[in-house]
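Chemist: Residue numbers (the numbering used here), protein chains in the order written: chain R, 2 to 195; chain Y, 1180 to 1339.
Please note: incorrect hints may appear among the correct ones.
[Stated by the list, open to error] Here are some chain Y residues the structure puts well away from chain R; computed CB gaps all over 10 Å:
| no. | residue |
| --- | --- |
| 1 | Ile1187 |
| 2 | Glu1189 |
| 3 | Val1204 |
| 4 | Ile1221 |
| 5 | Asp1226 |
| 6 | Thr1233 |
| 7 | Ile1253 |
| 8 | Gly1254 |
| 9 | Gly1276 |
| 10 | Leu1290 |
| 11 | Lys1294 |
| 12 | Ile1334 |
[What the hints assert, rightly or not] Listed below are the simulated PhoX-like cross-link pairs for lysine-lysine, each with C-alpha atoms no more than 25 Å apart in a straight line:
| no. | chain 1 | residue 1 | chain 2 | residue 2 |
| --- | --- | --- | --- | --- |
| 13 | R | Lys162 | R | Lys42 |
| 14 | Y | Lys1196 | Y | Lys1294 |
| 15 | Y | Lys1196 | R | Lys91 |
| 16 | Y | Lys1196 | R | Lys72 |
| 17 | R | Lys194 | R | Lys182 |
| 18 | R | Lys91 | R | Lys72 |
Calculated from the structure, these hints are not laboratory results.
Remember, it's a predicted structure, so these values are computed and weren't measured experimentally.
Every residue, glycine too, gets a C-beta built ideally from N, C-alpha and C.
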Amino acid sequence: MTFINYASREINCKIVYYGPGLCGKTTNLQYIYDSTAPQAKGKLISLATETDRTLFFDFMPLELGTVRGFKTRFHLYTVPGQVYYDASRKLILKGVDGVVFVADSQEERMDANIESLYNLEENLQTQGYDLSQIPYVLQLNKRDLPNVTPIEDLSSELVRKGEPVFEAVATNGTGVFDTLKAVAKQVLTELRKT
Amino acid sequence: MAQSPFIIQEQQFQRIKIVLARLCVECAARVVFLVDRDGQTIAFHGDIGDMDTTSFSSLAAGNVAATSSMAKLIGEDVFPAVVHEGERESIFISVIGRSLLVVVFDERSTLGLVKLRTKRASFEVASILDEAVAESAAFSMSKNSIFAEITDEDIDSLFS
């Protein structure tokens, strides 16, 4: 839920990166963190296991500038991708303003993508949201790997509502900011309608 | 569809700050926060030193979200309070509807005192927040919202 503070003239929005295990959600956040000026970001918090798999969530606040005299701050979260952390995923979706689905382009991960997307739709519904109504962007990650599914095939399986789709290589930053901009823009456009 | 925004007006913010300032003194706390359950800091009062308040609020909300889910798994509806006791610093979190009152205190105070004083402050904060929620809904429906005037250029300028 967008939080607007008239006293401190701030708009705070929550964006969640969703997707199957090891698809590159944390890598997206890490790249944004590494590429952002220190004054525009807070700490990158990672609640991870000893093997660096996300246990609960990753979080970083990002300040983009001012709109109509209000500072806009985006709170970026990732969810744990592994199937058995579903309870945590549900919690992190609470109060979400926009979602990025990070798909793993490797052929062998197609089923995991479909399962995770289905899980997203279901968990959004549990929280009272409808994927077709909320700001949403699809990122096709790991396009640099040799065994990737063609874009057309991924799109036909994963596109839900004509959402913006971005090819990405999160490890080198390709497509990372384009994805973030697209979802942030949708969130702010949504605010205009309120 | 995403939920309507939660809007705090200047006058409500100042009233919350007064309650937090009094609570901070009454329970000899280091710092007191009011945090949205989605993890956003609404207000705070006290000595934050070099604490990263944004991360702190996000983690406090994550903590309460996790313990609330654990409560349900054992047949409790909710844990209305969460306590973390450290060697020097401790944290008391009181759940007020969709917000959290978080008190950080040290050996100058006691858990009993913090619990007692927080209870009264919780009622006052709840009443201000109820008012803010009701006004948020009305404000969202009004066509006078300055956000209706946001242009595509305003949004694009954030990314240039």
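Chemist: Compare the structure with each hint and give your call.
Modeler: To see whether the hints hold, each was checked on the structure:
The Cβ of Y/Ile1187 sits about 5 Å from the closest Cβ of chain R, inside the 10 Å cut-off, so the non-interface label is violated. Not every CB of chain R is more than 10 Å from the CB of Y/Glu1189 (nearest about 5 Å), against its label as outside the interface. Chain R leaves Y/Val1204 outside its interface by the beta-carbon criterion, the shortest separation being 21 Å against a cut-off of 10 Å. Residue-level check failed: Y/Ile1221 sits 7 Å from the nearest beta carbon of chain R, not beyond 10 Å.
Non-interface call for Y/Asp1226 relative to chain R: holds, since the shortest CB-CB distance, roughly 19 Å, exceeds 10 Å. For Y/Thr1233, the requirement that its beta carbon stay farther than 10 Å from each beta carbon of chain R is not met, with the minimum near 5 Å. Look at Y/Ile1253: its CB is around 14 Å from the nearest CB on chain R, clear of 10 Å, so calling it non-interface holds up. In this structure Y/Gly1254 is separated from chain R by more than 10 Å, as the shortest Cβ-Cβ distance comes to about 16 Å.
The beta carbon of Y/Gly1276 is kept farther than 10 Å from every beta carbon of chain R, the shortest such distance being approximately 13 Å. The claim that Y/Leu1290 lies off the interface holds: its Cβ sits roughly 26 Å from the closest Cβ of chain R, which is beyond the 10 Å cut-off. Distance check on Y/Lys1294: its Cβ is at least 26 Å (rounded) from any Cβ of chain R, clearing the 10 Å threshold; non-interface status holds. Not every CB of chain R lies more than 10 Å from the CB of Y/Ile1334, the least distance being 5 Å, so the non-interface label is violated.
Under the criterion of a C-alpha separation no larger than 25 Å, the hint pairing R/Lys162 with R/Lys42 is inconsistent with the structure, at around 32 Å. For a cut-off of 25 Å, the pair hint linking Y/Lys1196 to Y/Lys1294 stands: about 19 Å separates their Cα positions. Proximity of Y/Lys1196 to R/Lys91 is assessed by CA-CA distance (about 32 Å); at most 25 Å being required, the pair is judged violated. At roughly 20 Å between alpha-carbon atoms, Y/Lys1196 and R/Lys72 fall within 25 Å of each other, so this suggested pair holds.
Taken as a hint, the R/Lys194 and R/Lys182 pair is honoured in the structure, with Cα atoms around 19 Å apart against an allowance of 25 Å. Taken as a hint, the R/Lys91 and R/Lys72 pair is broken in the structure, with Cα atoms around 28 Å apart against an allowance of 25 Å.
Violated hints, in rising order: 1, 2, 4, 6, 12, 13, 15 and 18; the structure is consistent with all others.
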